[in-house]
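Using the sequences and the hints given, assemble the complete structure.
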Amino acid sequence: MIASSQEIISLSNERIFLAGLLIVALGFFTWKADLGITKPLLVSSLRMVIQLFLVGLVLVYVFEIDHPLPVILIALVMLLVAGKEVSSRQKYKIKGFWSYGIGTVSMFISSFAVSVFGLIAIIRADNWWDPRYAIPVLGMLLGNTMTAVALSVDRFTTNVWNDRDIIEARLIIGETANEAIKDIVKDSLRSGLMPVINSMAIAGIVSLPGMMTGQILAGNSPDDAVRYQVVIWLLIAVGCGFGSMIAVKMVSKKLFDERERLRLDQLSVK
Amino acid sequence: MSFIVNSGECMGLYGCSGSGKTLLFRAIADLDPNQGKVLINGKRREDFSGSVWRKKVGYLPAESSWWFPKVSQHFSSIEDAKLRYLGFLDTKIFDSEVSRLSSGEKQRLALARLLSGLPEVLLLDEPTANLDDSNACLVETLIKNYCKKQGAAAIWVTHDRSQLERVSQNQLVMKNKTLVDL
Chain A
1 MIASSQEIIS
11 LSNERIFLAG
21 LLIVALGFFT
31 WKADLGITKP
41 LLVSSLRMVI
51 QLFLVGLVLV
61 YVFEIDHPLP
71 VILIALVMLL
81 VAGKEVSSRQ
91 KYKIKGFWSY
101 GIGTVSMFIS
111 SFAVSVFGLI
121 AIIRADNWWD
131 PRYAIPVLGM
141 LLGNTMTAVA
151 LSVDRFTTNV
161 WNDRDIIEAR
171 LIIGETANEA
181 IKDIVKDSLR
191 SGLMPVINSM
201 AIAGIVSLPG
211 MMTGQILAGN
221 SPDDAVRYQV
231 VIWLLIAVGC
241 GFGSMIAVKM
251 VSKKLFDERE
261 RLRLDQLSVK
Chain B
1 MSFIVNSGEC
11 MGLYGCSGSG
21 KTLLFRAIAD
31 LDPNQGKVLI
41 NGKRREDFSG
51 SVWRKKVGYL
61 PAESSWWFPK
71 VSQHFSSIED
81 AKLRYLGFLD
91 TKIFDSEVSR
101 LSSGEKQRLA
111 LARLLSGLPE
121 VLLLDEPTAN
131 LDDSNACLVE
141 TLIKNYCKKQ
151 GAAAIWVTHD
161 RSQLERVSQN
171 QLVMKNKTLV
181 DL
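Those sequence lines, one after another, are chains A and B.
Under the working numbering, the first residue of the first sequence is numbered 1, with each subsequent residue one higher.
Under the working numbering, the first residue of the second sequence is numbered 1, with each subsequent residue one higher.
None of these hints come from the bench; they were simulated from the model.
Note that CB positions come from ideal geometry on N, CA and C, so glycine has one too.
Check each hint, because a few of them may be wrong.
[Claimed, not checked] Once the Cα atoms are required to be at most 30 Å apart in a straight line, the calculated DSSO-like pairs of lysine-lysine come out as:
id: 1; chain 1: A; residue 1: Lys186; chain 2: B; residue 2: Lys175
id: 2; chain 1: B; residue 1: Lys70; chain 2: A; residue 2: Lys186
id: 3; chain 1: A; residue 1: Lys253; chain 2: A; residue 2: Lys39
id: 4; chain 1: B; residue 1: Lys56; chain 2: A; residue 2: Lys249
id: 5; chain 1: A; residue 1: Lys253; chain 2: B; residue 2: Lys55
[Said to hold, decoys possible] Some, not all, of what chain A presents toward chain B, calculated at C-beta under 7 Å:
id: 6; residue: Ala113
id: 7; residue: Asp165
id: 8; residue: Ile166
id: 9; residue: Leu171
id: 10; residue: Ile172
id: 11; residue: Thr176
id: 12; residue: Pro195
id: 13; residue: Ile197
id: 14; residue: Arg259
id: 15; residue: Arg261
id: 16; residue: Asp265
So, in structure tokens, the structure goes:
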């Protein structure tokens with residue numbers, strides 16, 4: 001294996017600006033075609049640029065002081081923002097605190113636990129909280145789990161709302177709440193986990209995953225890059241799977257009461 | 001409001017739309033939270049889990065719901081005799097697709113599905129609304145026989161006064177969410 005010792009090419013502001021011009025061009029065409037996505041496209045691009053530069057500044061600082069506290073703080077902020085994002089992506093939301101709590105709790109149980117396991121048992125850095133490993137691993141897990149949880153929960157609540165007559169018809173003939181929503185749960189988890197499953201199936205053939213590309217660009221050997229990517233993908237799949245299952249279970253608990261009656265009054269419509 | 005339906009008997013329930021008949025059925029079947037006290041053979045609703053209670057209380061809504069593509073997938077087993085009773089001379093209907101059925105056929109099959117769970121109480125919300133006279137007659141006979149044989153108590157909602165006279169031993173009228181005697 002040949003490990004390149006070449007320094008990575010620095011990207012100056014002008015070069016980044018060139019990539020930005022492409023987004024502006026896309027924005028122009030979507031505006032002309034009246035697709036209604038120009039504003040979100042530009043706002044998200046701008047948010048991404050600002051957020052990433054800010055996090056870059058924070059990371060430089062965190063790497064320098066080399067203490068677990070800032071790592072834990074960053075992890076908490078990431079988790080809370082991800083929880084908020086899951087909630088904001090729902091058409092039908094659980095009322096009250098749990099609209100926000102379900103995503104946060106399910107991601108805390110899945111992403112956090114899986115990340116800590118990966119850091120302690122697999123990567124085995126001297127300090128498991130070493131920001132160089134902990135922040136990227138948690139970031140990738142949270143990002144993917146958030147998408148899976150948001151998709152699963154959105155599909156679940158939408159289907160329960162639309163199929164309420166069928167759910168009640170199944171309850172009427174004496175099925176339990178779990179039996180009555182079994183097909184909806186299956187469908188929701190499938191739609192939440194399909195992106196991850198599909199990405200794994202084509203990894204390396206159609207696309208090179210981001211982390212691996214980053215490591216290769218940074219001059220690491222492809223062998224190391226592959227090993228890290230394999231571990232990350234497996235952790236992501238586990239995080240997404242458990243996160244979605246926990247979240248859907250929590251929502252379904254909220255949508256049925258102790259007499260197993262369907263309680264759509266627990267949902268608010270966006 | 002308060003009433004008793006004896007086992008093996010059918011009580012007719014009459015009232016205009018919006019008078020609260022469906023609300024009453026949903027409360028008895030424990031589909032909506034409610035304060036009512038409901039007993040079957042002296043045992044309170046709260047003595048059973050929601051699903052066990054709803055198995056005892058067979059509620060047939062005015063519109064039947066189906067969630068699998070084929071009729072047979074909705075039944076664990078069914079006797080041909082019951083289908084014949086319900087006017088299905090050709091019992092192949094059991095293997096057909098739900099989307100190909102008429103609303104009358106769906107209603108009769110929903111009744112067969114309900115009775116196959118052997119409920120102790122029947123809540124029938126216009127069970128013959130989509131049926132022609134001869135099939136309505138079959139359904140009336142089947143339900144009467146079922147109640148007699150199983151000792152089940154039935155509450156039958158209909159807008160047809162003559163049907164009420166035929167199927168029920170006593171009748172109640174609902175007005176503005178309360179019961180009044182006929």
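Hints versus structure:
no.	hint	verdict
1	A:Lys186 <-> B:Lys175	violated, 44 Å
2	B:Lys70 <-> A:Lys186	holds, 19 Å
3	A:Lys253 <-> A:Lys39	violated, 37 Å
4	B:Lys56 <-> A:Lys249	holds, 28 Å
5	A:Lys253 <-> B:Lys55	holds, 21 Å
6	Ala113	violated, 33 Å
7	Asp165	holds, 5 Å
8	Ile166	holds, 5 Å
9	Leu171	holds, 6 Å
10	Ile172	holds, 5 Å
11	Thr176	holds, 4 Å
12	Pro195	violated, 27 Å
13	Ile197	violated, 26 Å
14	Arg259	holds, 4 Å
15	Arg261	holds, 6 Å
16	Asp265	violated, 9 Å
In summary, the structure is inconsistent with hints 1, 3, 6, 12, 13, 16 from the numbered list given earlier, while agreeing with the others.
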